[in-house]
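Peer 1: Can you make the complete structure from the sequences, with help from the hints?
There are 2 protein chains.
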Amino acid sequence: MSAEPVVQHLREQHDAVFERLNAFLRLPSVSTDPAYAQGMADTRAFLVDWLKRIGLNDVQLLDGGGQPAVYGAWLGAPGAPTIIVYGHYDVQPPDPLALWKTPPFEPTVRDGRLYARGASDVKGSTTIAIETVAAFLAVQGRCPVNIKLFIEGEEETGSPSLHEIVRRYGDLLKADAMISADGGRASPTVPTINVGARGLTKLELVVRTAAKELHSGRYGGSVRNALHELAAIVASLHDSEGAIAIPALMDAVAPLGERDRRDTAALPFDEVAFVADVGGIAAGEPGFTIRERLTLRPAIDVNGMWGGYTGAGSKTVIPDEARAKITIRLAPGQDPEQVAQALKDHILAAARPGVAVRFETIGGGSPASTLAADHPLVQAATSVLQATSGQEPVHVRLGATVPITAIFKEMLDLDTLMFGFNLPDEDVHAPNEFFHIPSIALGLRAWPLLLQELAQFPPSAFRQDGR
Amino acid sequence: MSAEPVVQHLREQHDAVFERLNAFLRLPSVSTDPAYAQGMADTRAFLVDWLKRIGLNDVQLLDGGGQPAVYGAWLGAPGAPTIIVYGHYDVQPPDPLALWKTPPFEPTVRDGRLYARGASDVKGSTTIAIETVAAFLAVQGRCPVNIKLFIEGEEETGSPSLHEIVRRYGDLLKADAMISADGGRASPTVPTINVGARGLTKLELVVRTAAKELHSGRYGGSVRNALHELAAIVASLHDSEGAIAIPALMDAVAPLGERDRRDTAALPFDEVAFVADVGGIAAGEPGFTIRERLTLRPAIDVNGMWGGYTGAGSKTVIPDEARAKITIRLAPGQDPEQVAQALKDHILAAARPGVAVRFETIGGGSPASTLAADHPLVQAATSVLQATSGQEPVHVRLGATVPITAIFKEMLDLDTLMFGFNLPDEDVHAPNEFFHIPSIALGLRAWPLLLQELAQFPPSAFRQDGR
Chain A
182 MSAEPVVQHL REQHDAVFER LNAFLRLPSV STDPAYAQGM ADTRAFLVDW LKRIGLNDVQ
242 LLDGGGQPAV YGAWLGAPGA PTIIVYGHYD VQPPDPLALW KTPPFEPTVR DGRLYARGAS
302 DVKGSTTIAI ETVAAFLAVQ GRCPVNIKLF IEGEEETGSP SLHEIVRRYG DLLKADAMIS
362 ADGGRASPTV PTINVGARGL TKLELVVRTA AKELHSGRYG GSVRNALHEL AAIVASLHDS
422 EGAIAIPALM DAVAPLGERD RRDTAALPFD EVAFVADVGG IAAGEPGFTI RERLTLRPAI
482 DVNGMWGGYT GAGSKTVIPD EARAKITIRL APGQDPEQVA QALKDHILAA ARPGVAVRFE
542 TIGGGSPAST LAADHPLVQA ATSVLQATSG QEPVHVRLGA TVPITAIFKE MLDLDTLMFG
602 FNLPDEDVHA PNEFFHIPSI ALGLRAWPLL LQELAQFPPS AFRQDGR
Chain B
182 MSAEPVVQHL REQHDAVFER LNAFLRLPSV STDPAYAQGM ADTRAFLVDW LKRIGLNDVQ
242 LLDGGGQPAV YGAWLGAPGA PTIIVYGHYD VQPPDPLALW KTPPFEPTVR DGRLYARGAS
302 DVKGSTTIAI ETVAAFLAVQ GRCPVNIKLF IEGEEETGSP SLHEIVRRYG DLLKADAMIS
362 ADGGRASPTV PTINVGARGL TKLELVVRTA AKELHSGRYG GSVRNALHEL AAIVASLHDS
422 EGAIAIPALM DAVAPLGERD RRDTAALPFD EVAFVADVGG IAAGEPGFTI RERLTLRPAI
482 DVNGMWGGYT GAGSKTVIPD EARAKITIRL APGQDPEQVA QALKDHILAA ARPGVAVRFE
542 TIGGGSPAST LAADHPLVQA ATSVLQATSG QEPVHVRLGA TVPITAIFKE MLDLDTLMFG
602 FNLPDEDVHA PNEFFHIPSI ALGLRAWPLL LQELAQFPPS AFRQDGR
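Chains as they are written, first to last, in my numbering: chain A, 182 to 648; chain B, 182 to 648.
Note that these hints are calculated values from the structure, not bench results.
Among the clues, some could well be false.
Straight-line Cα separation of at most 27 Å, BS3-like style, residue types lysine-lysine; simulated pairs [stated by the list, open to error]:
#1 B/Lys590 - B/Lys355
#2 B/Lys383 - B/Lys525
#3 B/Lys393 - A/Lys282
#4 A/Lys393 - A/Lys525
#5 A/Lys590 - A/Lys383
#6 B/Lys393 - A/Lys383
#7 A/Lys525 - A/Lys383
#8 A/Lys393 - B/Lys282
#9 A/Lys355 - A/Lys233
#10 A/Lys590 - A/Lys355
#11 A/Lys393 - B/Lys383
#12 B/Lys383 - B/Lys590
Peer 2: As structure tokens, then:
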């Protein structure tokens, strides 16, 4: 069977798809902040209803003790591969709210862009995936492959209960491969296939220098100040060029191979424009291109840091406590726990005598992932992108982290193809996040072709170890 | 005339005085935060009413464009000195509110202490001053000296409009000397006379590294992070011992003389206990005792620092902006503007190429003040403290800053005796601020004797330059 009638159907349904995406975006599904618990629950109810309406079976919440995932299946293609289709319904917090031109949960069209929190990351591409399955069932009454839709609710918080979900529902989630709606395109003009992603781990740090906040007139010049001490610790993480200054943390990083260098160089990438477009200041590890650093080298970023008086006016205090939230992007070869431990050891060694350092979160997350170049997922994606773009797709890696790929590989031996349609300029995790509206039509064409293409491989071909 | 009947009257009135102090403390007069504008206005109305009721004349608000001061006078002693009695009605913000055992604006007695924001700094001592004048007028129908009560409303914000108030009301404020209810006792057992204070200046710093917040997966390892850059700047302000690492800022600091060293050493002071009592970590400039550092050497403290995501959970961003509020305690010899400029120059030099640094507040404040040892104010205080304690008072300097003393010296050529009764352990500027209740009775005895003593000097004797 050809996927063309399905593609045609989706073309005709574009406005209705767009409306459903907007309804999805109106739901404030911020997973990290308990204040949004109702928005999370509403979004799950919305998805359950949606998956049932398009004809999926066994629709249910998969609860691992955190934010449940939403699941639905169509398993009517015996002998064909079984594909988990992954997306996530949770989004980043919208703050700072004052910087949004239009409210984050009121999707708004401006200049061919759909502005809303989660539009790019990743409700847009998740909607493309759901609508593709819906169209196959509506037009042909069947899908070319068996489908298990898995829409996660904790991607933005590092998937804390995903291990437990997969443990509890391992039988339900058995499959031959996964396609992820997360992990987008690297370029608007060159077709790319994501063959890997950096990993992520984290650490939250509390520095204490006294039992209470002190008056700077009465103690200034005689005691340590928690902000000075935190600053000294943070300043010690990188050298003046911006490279990580913790040798133990770099030990296990895999050296770049020839193929890595060649693939990275194959993507048209204007380093100067990349930095200038966001008004940034280029910095980082010498000896690597920016794309190499972004995808194949680790990075430490302090995501938040605070202490003392931050209100209006001034307050002459010596703060007794200061905090920093730190995340580390992991390169291939690095183990999240080992890296977090190396960072912790460095911080403890950097703290001056007497300074109390406590770690509120440490470790977790996931290692970097890599998909072999001759994997059926890559072959199928190559065919689809050749057909839709007329160009040879370039292999790229993501700098961002999708913990799901590592967890599903580890626990269910599934490889993942990232096939999202978001683009790098869409201000994810920042105010005024948007989704390029033409990406919806592109995705709705490519996804049906991909499912059709995957049907040509026997289920056993999808396991890298077994080939 | 003897002050003894006045002292006796105040002893009998102790409970009524205590009630009036409590009413004063219930008014939330936080000057730095516009949210407390009504509390400030209510406090001014309360003071105007109080000063009128005790029999002061010409009671009025002195408005310099900021928080007005409250003024009232009794000028019925021709030929006697005219003394400005200074206090302030504004208090520090009460946050962090969660750490208060009882609400900051509900004065509460526990263990001989009166807990409330402003109890120590400085509504307690301001009340002693007002009640002393009230008692003279009630008992004798007159005061031994001419009195001009001046209750400021901006002490906790560095007195931004005090210059303008003194400029506008210079004629009204003409006097021979000032006694300040601010600037307390250095020890509960040894009588002390404050003969000076450190100055204060400040700077608020904004570091920018990009046009917007960036996703750490997409940019991590390729660009500067505002928090890393702010940390590097803050870490450069001090050396590892905690001494200021900015030579240009130390240039004008007056070297310690023999008298300075001797006076400082004369006060019983347990350096280890001083730091241990607040769970602190001793640090600072080598070659000086802690008290020398606290009173005769400058100190830089970052009072607040923040940037990026500070909410619950994690957010994988590279912050584009970070901020720090910095204040500098000034030693004798230092000029506030020159010091702020030296700090600014250092920060600009420390910022890495491309990092944008903006200063939102810079300079202002006041230099350190010093009162000569043979000044009539010191002689009068010496007599009073000898009489009330039976001990020889020790000369001390304050580490904290009272801008009023510098401004009145500069603009009206008035010297100031600090004669507050607060003690160093009273958690000023911090949660659970309190005032030792026995200090009220001590103050109500010493203040009448002091006014009586000052009446013995001719007005011309109070000008240091003219003696």
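Peer 1: List, from low to high, the hint numbers that the structure doesn't satisfy.
Peer 2: The structure conflicts with no hint, since it agrees with every one listed earlier.
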